[in-house]
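Novice: Spelled out, the chains give:
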Amino acid sequence: MIIVTVIPLLALLGISLNMAFSTAMSQPDWALALLLASLLAHRNNWLWVLPCALIHDLILYWSFGTIALMMAIIPLAMIYLDHHLGAGLPQRIVLMLAAILTLPALGWDMQAALLTLCLCVPVWHLLTRQYARQAA
Amino acid sequence: MNFTQRSHKLWLIGLLLVGLFAISRLFAGSSAMLTMWPALEVLHAPVQWWQSVDLWFIERQKLQQQYLTLEKKAQDQAAVIQEVNSLREENRQLRNILEISNIIGYRWHAAKVRGRSPEPMSQRLILQVPDVSKDDVIVSSEGLVGVIDTISSNHATVRTIFDASLAVPVTIPGTQLAALSRGQGDSLSINFIPLEIAPRKGQVFYTSGAGGLFPAGIAVAVITDVQPIPGQLFAEVSAKPIAHWQRDSWLAVASQLHSIQTFTTP
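These protein sequences, in sequence, are chains A and B.
Each residue of the first sequence is one higher than the one before, counting from 1 in our numbering.
Each residue of the second sequence is one higher than the one before, counting from 137 in our numbering.
Hints listed in this document are in silico derivations from the structure and should not be mistaken for laboratory results.
For glycine and all other residues, C-beta sits at the position ideal for the given N, C-alpha and C.
Hints are not guaranteed to be accurate.
Stated by the list, open to error - Here are some chain A residues the structure puts well away from chain B; computed CB gaps all over 10 angstroms:
#, residue
1, His42
2, Leu60
3, Leu95
4, Cys118
5, Pro122
6, Ala132
To be verified - Pairs of lysine to aspartate or glutamate, EDC-like flavour, derived with a Cα cap of 20 angstroms:
#, chain 1, residue 1, chain 2, residue 2
7, B, Lys337, B, Asp361
8, B, Lys145, A, Asp82
9, B, Lys376, A, Asp109
10, B, Lys337, B, Asp322
11, B, Lys248, B, Asp361
12, B, Lys248, B, Glu219
The whole structure should be built from the sequences, with the hints applied where relevant.
Specialist: Shown next, in the form of structure tokens:
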């Protein structure tokens, strides 16, 4: 429950940071990193991650689904790959890289994409640990 | 039975993806971005407070040093002003020669840039500016930036000339050329340039004033590439904007004098 509240709020703050200081310093796509990490940590999170991704796109790109489209594909791909290959880390890493590589295609520089990756990985790790603790 | 269920699921997933792709092509407008301005104000506030506090605590010696530096700067600027005055006179004469009319019929005012979209070209901006209306023209010290898309009290979002939905009528002064500049995301495409009068790389396009939205005579783009297309009447011309608004803190807004409709809160 805490994750469902905190991550969207942090993502919203991240969107604001992106807009407020976009030229002052190189920044990651804070919202994408947090939402992607939540999705990779627990695929059922798509229920709230997808609307958040739509809001992210609406604010930053004035369109309905740029990152959101990728976010919609990830849980489906996770279900498919987990079913065929078994739950595993490599396919999730590939999906994460694919999602982050959409950033350069949207006009972000490579440094921002790398920063997003650097933020996504530890958040993913933290959330996975959190979910494991909850399950135990 | 199982197979039919799985096939239905696949159909549903396929439809969902196609639906999402269709939605992603929709242009949603800038209202969502505009709703973020209170958050941007809050984020900017500590920086402004820091600057204010910093001003209070500057030491005396530092102030004296700053005074001397500023005095020297003022002297330098006096020289620059003289140079500017002579350039202004030269510019006026050149304008007369080129028969470019001065931009009249517009009210000019300054706008502070509050936020911008994060890609390096900053294709969308939020300005803090009162008394503007939709489609007012935004100009930097170098050239055309875009038009106002949505407004709220004291804030407005800007569609820059990189936006594909914005077409700017352009010309090259002293020629019969009449073309349209369209945004391509991170560059500009100049449409309807006949091959036989295609300009050269490096030439600058100015607003022609056609259509009445943009005042005539504002620099828009510099040509980066001209390619003839075999069998086509028009050349393929690429350009980049003259204005570099990615780092400008202030921009100018030109409001048409005869149609100023200001935003009023109910």
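Novice: Evaluate each hint against the coordinates.
Specialist: Structure-based check of each hint:
With a least CB separation of 20 angstroms from chain B, histidine 42/A remains clear of the 10 angstroms interface cut-off, as annotated. Under the 10 angstroms C-beta cut-off, the non-interface status given to leucine 60/A relative to chain B is violated; the minimum distance is some 6 angstroms. Under the 10 angstroms C-beta cut-off, the non-interface status given to leucine 95/A relative to chain B holds; the minimum distance is some 15 angstroms. Consistency note on cysteine 118/A: stated as away from chain B, and its beta-carbon is indeed over 10 angstroms from all of that chain's, at 16 angstroms minimum.
With 10 angstroms as the threshold on Cβ separation, the claim that proline 122/A sits away from chain B holds: the shortest Cβ distance comes to roughly 21 angstroms. Residue placement check: alanine 132/A keeps its beta carbon more than 10 angstroms from all beta carbons of chain B (closest about 28 angstroms). Our distance criterion of 20 angstroms between C-alpha atoms is met by lysine 337/B and aspartate 361/B, whose separation comes to about 6 angstroms. A threshold of 20 angstroms between alpha carbons decides the hint, and for lysine 145/B with aspartate 82/A the separation of about 17 angstroms falls inside it, so the pair holds.
Straight-line distance between C-alpha atoms of lysine 376/B and aspartate 109/A comes to about 19 angstroms, which keeps the hinted pair within the 20 angstroms bound. For the proposed pair lysine 337/B and aspartate 322/B, the alpha carbon gap of about 18 angstroms is at most 20 angstroms, so the pair holds. A hinted pair counts as satisfied when its Cα atoms are at most 20 angstroms apart, and lysine 248/B with aspartate 361/B does not qualify at roughly 33 angstroms. Straight-line distance between C-alpha atoms of lysine 248/B and glutamate 219/B comes to about 28 angstroms, which puts the hinted pair past the 20 angstroms bound.
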